[in-house]
Amino acid sequence: MKDIFKLLEEDARRTPEQLAVLAGLSVGEVVSIIKKAESEGVIVGYKALVNWDNVPGEEGQVWALIEVKVVPQRGVGFDGIAERISRFTEVDSLYLVSGQFDLAVIVIGKSFNEVGAFVSNKLATMEGVQGTNTHYLLKRYKDDGLWLFKGDESQRLPVSP
Amino acid sequence: MQTGHIAKSGRNRSLISQRVRGVSPSGIRKFFDILASMEGVISLGVGEPDFVTPWNIREAAISSVEKGYTHYTSNYGLLELREEVARYLKRLYGVEYDPKTEILITVGVSEGLDLAMRALVDPGDEVLIPDPSYVAYSPLATLAGAAVVPVPTTLENNFKLMPHDLESKISGRSKAIIMGYPCNPTGAVMSRDELQKVADLALEHGLIIASDEIYARLVYGIEHTCVASLPGMRDSTVLLGGFSKAFAMTGWRIGYAAATEEIIEAMMKVHQYTLMCAPITGQMAALEALRSKDALVDEMLEEYDRRRKVIVRGLNEMGLTCFEPQGAFYAFPSIKITGLTSDEFAQQLLEEEKVAVVAGSAFGQYGEGHVRCCYATSMSDLQEAVERIGRFVKRHKV
Chain R
1 MKDIFKLLEE DARRTPEQLA VLAGLSVGEV VSIIKKAESE GVIVGYKALV NWDNVPGEEG
61 QVWALIEVKV VPQRGVGFDG IAERISRFTE VDSLYLVSGQ FDLAVIVIGK SFNEVGAFVS
121 NKLATMEGVQ GTNTHYLLKR YKDDGLWLFK GDESQRLPVS P
Chain A
1001 MQTGHIAKSG RNRSLISQRV RGVSPSGIRK FFDILASMEG VISLGVGEPD FVTPWNIREA
1061 AISSVEKGYT HYTSNYGLLE LREEVARYLK RLYGVEYDPK TEILITVGVS EGLDLAMRAL
1121 VDPGDEVLIP DPSYVAYSPL ATLAGAAVVP VPTTLENNFK LMPHDLESKI SGRSKAIIMG
1181 YPCNPTGAVM SRDELQKVAD LALEHGLIIA SDEIYARLVY GIEHTCVASL PGMRDSTVLL
1241 GGFSKAFAMT GWRIGYAAAT EEIIEAMMKV HQYTLMCAPI TGQMAALEAL RSKDALVDEM
1301 LEEYDRRRKV IVRGLNEMGL TCFEPQGAFY AFPSIKITGL TSDEFAQQLL EEEKVAVVAG
1361 SAFGQYGEGH VRCCYATSMS DLQEAVERIG RFVKRHKV
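Going down the list, the protein sequences come from chains R and A. Take the first sequence: its position 152, counting from 1, is numbered 152 in this note's numbering, and each next residue is one higher. Take the second sequence: its position 139, counting from 1, is numbered 1139 in this note's numbering, and each next residue is one higher.
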């Protein structure tokens, strides 16, 4: 079961037939493992990692890492406010962190203005938010374990002993 | 011209020594020129990982150069590295060697084997070598003056070395056995019990086993048995290991030999006058490799294992009978159903479907009827290659 998740995490396009060979299971077993995992929230979704910097006309995407300091609420702690913030479509990722601030929020927008407007109009004014500190990301080098620059190229000879 | 001069001198002698003329060039390089001029070829003809050396190892080597590690090392190799090798062998296989006197850092297993042969063999001594096996075994024994005695291994026995086959070839002149399990080209692995029987024969007849364990870490669902760890074998084994395959470090050219002080001392004598020492940057890289977490190797191993399943199933489904290789990264299917020789198969497959495999005959006469397919290549290329070979076999089935 773990094998299937690992194989899909590396390449979600693998078909049940391919997965069956790689994990040594029958196609039927693979399909039922996946169905169950999807319904139980083990597999949350499938998507491609797109490097928008390489898409003509879309290079201007703006990413920001926003440190957010919040007041935890009785009964729900940080979850209440974190979940509220995460519902905004501008928010790509959101983590509760230790240290100087409480939430690390990754926001993606089409322009600096758009991200700025989200922070000042929506995020900073939310009840429970004490302060924000916005860092604009300048360049992505590695995302979700994948390199976004041209990495190692094998110089292997085509035939060797 | 030099050659003309010698010929004219009338001595009627060949320029090149008889010893070297007696060794045939590696059949494996045959396709190299044809291949280089072709486009769109998927090569299963390689004998090395497709992975680039893990970054922590490369980084350690770069930093050692920056810090000025650019000199000769001890003839034996860096003591730190030898100590690390000793710990590694003890941890993985429970065999103990004194890093000061019983371990030699070599330029790959190839040099280690050359040294072992030169240190152990006198002209006329016989060296037993399972057939098929790695292309260098027989030439290195020959160059050292030995008479090579091939011991056939077959598909029926999953290409394992059978004790009775070995015994039938042992004579009063037998000096050593060169063998390597997991095996290049077959992918065969021998269990502890099976190796014990070979070891018993070696001990009974006073033979040294030069054990090429370069693929030791690349085993799938079976434990690797280090020949030196068998009862009584530590002092009758030259254990040859290295970093090329498990750590994806082929180009660094670092290996090691472990044996008794007497043998290592003799091997070191040859080594010090020919190589002086293994290159220091490679040694620094190897040091980092041994200090890496096991996951580094295990992750690559896991990927090879997946590819192994894909190619073995693919080959068997198209009718190229292939036993399950439990080690290294080769499948060695029988091409019997095509009626082609292994040379013809490799040649025509390359021309018709642009897939490179190596003819089994390159690994000895008993490799005929098979081809070696290396699955250390990307999954997408591997799947494409299986499809192309399938088309080829369909056309050529007799």
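Hints are computed from structural coordinates only; laboratory data are not their basis. All C-beta atoms, glycine included, are put in the ideal place defined by N, C-alpha and C. A few of these clues could be false.
[Stated by the list, open to error] From the structure, some residues in chain R lie toward chain A, with a derived Cβ separation under 7 Å:
id	residue
1	L22
2	V55
3	G57
4	E59
5	G60
6	L148
7	S154
8	S160
[Stated by the list, open to error] Calculated pairs, SDA-like style, for lysine to any residue (alpha carbon to alpha carbon, straight line, at most 20 Å):
id	chain 1	residue 1	chain 2	residue 2
9	R	K2	A	E1302
10	R	K150	A	S1361
11	R	K6	A	S1378
12	R	K142	A	F1051
13	R	K6	A	A1036
14	A	K1394	A	S1378
15	R	K6	A	L1201
16	R	K142	R	D79
17	R	K122	R	E90
18	R	K142	A	R1118
19	R	K139	R	K69
20	R	K69	R	P56
21	R	K47	R	I108
* Asked: Which numbered conditions among the earlier hints are violated in the structure presented, ordered from lowest to highest?
  -> When the structure is compared with the hints, numbers 2, 3, 4, 5, 6, 10, 13, 14, 15, 16, 18, 19 and 20 turn out to be violated.
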